[in-house]
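*Asks:* So you can see what is in the structure, the chains are spelled out below.
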Amino acid sequence: MKKSLMRPTLTIVILIATSLIFGCVFAKPEMYSSFPVTEKSYSGSKKDSTSYTGQMARHVLHNSLKKLAGKGNGKPNSALKAKMLSYYSGKDAGREIIDPTSKGDFKIKQTMVDQISKGKNLKGKTYKGIINGFPGQMTGPEVFEFMIDKASSAKKGFDPLTGYNYPQLISKFMMGAVFYSQAVDNYLDEKLAVDNKPNNKPYKKGKHYTGKEHVWDEAFGYFGAPAHAMALSAKQAYGIAKKKDMKVADANGDGAVDLYTEMTFAHAYYAADSDKTGTKYMHTIVGAFIKGRQLITDANGAALTDQQRAKLMGYAKTIKTNWAKVIAEAAFKYAGSCYKDLEKLRTIVESNGDASKAFAAYGKHWGELKGFLMALETSGRDLGEAGVRMNRLVGFGPVLLGGGQVTGIDSNGNLQTGGNRSMGEYQVHMIKLQKLLGDTFDLKARKNDVTSNMAGLLETLGSSLAAEND
Amino acid sequence: MQLWIGEWLPAFFNPQKRIFWGYLLSSLVIALLWLRLVDKTTIFSSAKRIFDRQVWISRSAMADYKVMLINTMLMLLVSPKILAKATVAYLVFDSMHMLFDGRPYISSILPQWFIAFSFTLFLFLLDDFARYWLHRWLHKVPILWSFHKVHHSATVLNPFTVFRTHPVEAILFSIRSALVQGITAAVFFFFFGDQVTLMMVLGASIFTFAFNLLGSNLRHSPVSVRYWKTLELILMSPAQHHIHHSTAKEHIDKNFGVALSVWDWMFGSLSLSKNEDQLRFGLSGEQSFDYHSLKGLYLVPFQQAAGLFLRLFSRIPLSIYQKHSA
Chain A
807 MKKSLMRPTL
817 TIVILIATSL
827 IFGCVFAKPE
837 MYSSFPVTEK
847 SYSGSKKDST
857 SYTGQMARHV
867 LHNSLKKLAG
877 KGNGKPNSAL
887 KAKMLSYYSG
897 KDAGREIIDP
907 TSKGDFKIKQ
917 TMVDQISKGK
927 NLKGKTYKGI
937 INGFPGQMTG
947 PEVFEFMIDK
957 ASSAKKGFDP
967 LTGYNYPQLI
977 SKFMMGAVFY
987 SQAVDNYLDE
997 KLAVDNKPNN
1007 KPYKKGKHYT
1017 GKEHVWDEAF
1027 GYFGAPAHAM
1037 ALSAKQAYGI
1047 AKKKDMKVAD
1057 ANGDGAVDLY
1067 TEMTFAHAYY
1077 AADSDKTGTK
1087 YMHTIVGAFI
1097 KGRQLITDAN
1107 GAALTDQQRA
1117 KLMGYAKTIK
1127 TNWAKVIAEA
1137 AFKYAGSCYK
1147 DLEKLRTIVE
1157 SNGDASKAFA
1167 AYGKHWGELK
1177 GFLMALETSG
1187 RDLGEAGVRM
1197 NRLVGFGPVL
1207 LGGGQVTGID
1217 SNGNLQTGGN
1227 RSMGEYQVHM
1237 IKLQKLLGDT
1247 FDLKARKNDV
1257 TSNMAGLLET
1267 LGSSLAAEND
Chain B
4 MQLWIGEWLP
14 AFFNPQKRIF
24 WGYLLSSLVI
34 ALLWLRLVDK
44 TTIFSSAKRI
54 FDRQVWISRS
64 AMADYKVMLI
74 NTMLMLLVSP
84 KILAKATVAY
94 LVFDSMHMLF
104 DGRPYISSIL
114 PQWFIAFSFT
124 LFLFLLDDFA
134 RYWLHRWLHK
144 VPILWSFHKV
154 HHSATVLNPF
164 TVFRTHPVEA
174 ILFSIRSALV
184 QGITAAVFFF
194 FFGDQVTLMM
204 VLGASIFTFA
214 FNLLGSNLRH
224 SPVSVRYWKT
234 LELILMSPAQ
244 HHIHHSTAKE
254 HIDKNFGVAL
264 SVWDWMFGSL
274 SLSKNEDQLR
284 FGLSGEQSFD
294 YHSLKGLYLV
304 PFQQAAGLFL
314 RLFSRIPLSI
324 YQKHSA
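In order, the protein sequence lines correspond to chains A and B. Using this note's numbering, you'd call the opening residue of the first sequence number 807 and step up by one each time. Using this note's numbering, you'd call the opening residue of the second sequence number 4 and step up by one each time.
Honestly, the hints are just simulated from the structure, not real lab data. All the given hints hold, so there is nothing to weed out.
Only pairs whose alpha carbons sit at most 25 Å apart, straight line, appear in this in silico SDA-like list of lysine to any residue:
no.	chain 1	residue 1	chain 2	residue 2
1	B	Lys84	A	Ala1192
2	A	Lys1241	B	Met101
3	A	Lys873	A	Asp905
4	A	Lys1146	B	Leu113
5	A	Lys934	A	Ile1215
6	A	Lys1253	A	Gln1042
7	A	Lys1241	B	Leu102
8	A	Lys1241	B	Val95
9	A	Lys1150	B	Val95
10	B	Lys298	A	Glu1274
11	A	Lys1150	B	Leu102
12	A	Lys962	A	Ile1215
Derived coverage of chain A by chain B (criterion: at least 3 residues anywhere in the stretch with Cβ under 8 Å from a Cβ of chain B; other residues may be distant):
no.	segment
13	1142 to 1152
14	1237 to 1248
Computed from a prediction, not measured in an experiment: that's the story for all the values here. Where is the CB? At the ideal position from N, CA and C, for every residue including glycine.
Okay, chain A solo, but in the shape it has when bound (with noise of 0.2 Å):
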């Protein structure tokens, strides 16, 4: 090389090494936070469009009604089914926050749902399809009115005749039929459409943000991830939701933790867990989410082309797929719980020991596979014969002690028990049920594998193909 030409080469290089050592130590992570308001009608003083509170406040009007369907002293309780329905189906002002309350050090911002978004309620936006899951052919809405009544009759949310854990059974299922399904079959699907909001229109006349910032920003919210969750591990934003870790929650510092922005819900959760295992859903689902909010804002309040719109639908494919995921690792992880259960119970009725607890823990975990497996029925898209077996596999309940199960339900809505399956056989079922799950969504994390060591064990004895002779 010539000697004029190596300084200024020299240079480029340095330069070009400086810029990525600094980009790279001190780079923002990136947040979901702050977009510039692009809506070109909107002429407030508002800078940022970002915008989905409603969505924080059905979390936690969420978190509240399953810590009410645990309050049940065993008798029917009207007073508590009214306070639950009013967290379900209710819009009016004055609900508390019951969870996530502030908790020693971890304090949270806001004592009362108000304080987040006003008149929002759960049963407006409740998945209104069949819930061939759950027996009685009800809708979704019917479901939860359902068990809310149920649940204020039952003692700490638990029927023992029937095996069903209602905080549990309620929280899994709303998990899905109210944020999965609005977002992954609303927000994510139709409202992605190009007359369906658009983005060269604000969502609605007067808002600040346009059509397709909203749709977007909605479905982020049900969701549930902080907005900083790309700055957290899988085990920070875990310990979040377990107020467990106030310094990495209050990311703006201010010594309080923002419900809207700062805490870990719902699926976000779930997302954690599995990730704590390896996985990347969490970041997966919030880069998405990011990378498409960042792609609406720079179409300027102009309406998305064609070429724009189809970026937009991959990321809200990514967001579908690895979500589906999400759930179907929960699904996966208490289908081998209720397995461990079932052995355990085996073991205590064998020395007649007192089962009690037991059976109280196999139920929860039931209740969460259930919830998880309806959850995944409310996406708007038909499992087909996969979601058949499912079901079939695990059935309206528990296997219970005598060999009993949820039938049905009677004319005077009352759950039935019969038959006579064993729970050896139940457990059968566990192990299909994991392996069907494990096929049909190619999941990674699969927390309590029932049969991952005989996987392993199977690989040690090598390949069982021989083309050899003796």
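Given chain A, put chain B in place with the hints provided.
*Replies:* Then chain B, alone, in the frame of chain A:
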């Protein structure tokens, strides 16, 4: 071509395979020691016998190599269709739950090493037992013999003769392995859970390792290593396997075992080795086909099996007719 080489070449470096370089080397050392110390031959004539052109580049040997390469390709194509050990294991594991109505753990009673040893030993015994019986049927059932003949058509034996196998046999061997591995893994995992492990040396079961290290490749070789009589009742010596390949009338259908000869002893097919002249290998009285050609190796067995099948089929209506007319 790359895929092809990529499939069989790793066998030389895989201690789970008989032609792993370490086992070939140990067999060579044993052969040299045997020829020097027992047969009292010179080093030169020992080497001449082991590396004889006939053994390595005869038509029979070349046919072995051809079959090895072609079968690798065929197995790649058919392997997704063959019963998988995981399928067997899942089925057995599920069935055990039904049989015992749940899963009775007995793991806490026994120490880990004992469970691992029991598993490794059981797998070895069941595998060897299954090999004995399948091998026996391959000889005794005429249709199966049509295919197993390919292996016995080798007129000289070298370690690669182990691959001289008709694809139909390869499928049967794979099913056998899937059943043995799937059943053993599932049953042990059912009772002992995560405590079950395979005792291994260099990634191979300790028994497979020992069998191969102690000269398994000499089973197909020009060197007839014999054991003393009592040991030959339990372990199959290379010389006993040479008897299995011999064309002599008294050697027909003897020594079906692989690592253990105890099965032959138990089921009346054992023949102990003798210090006798070099045996003749191959098929006796079946010289009408060229078994070293591709046609002989791959197509003739199908023709013969089809002929036997048709003959069997034509007998059925005949017997029905006879019954009716009686």
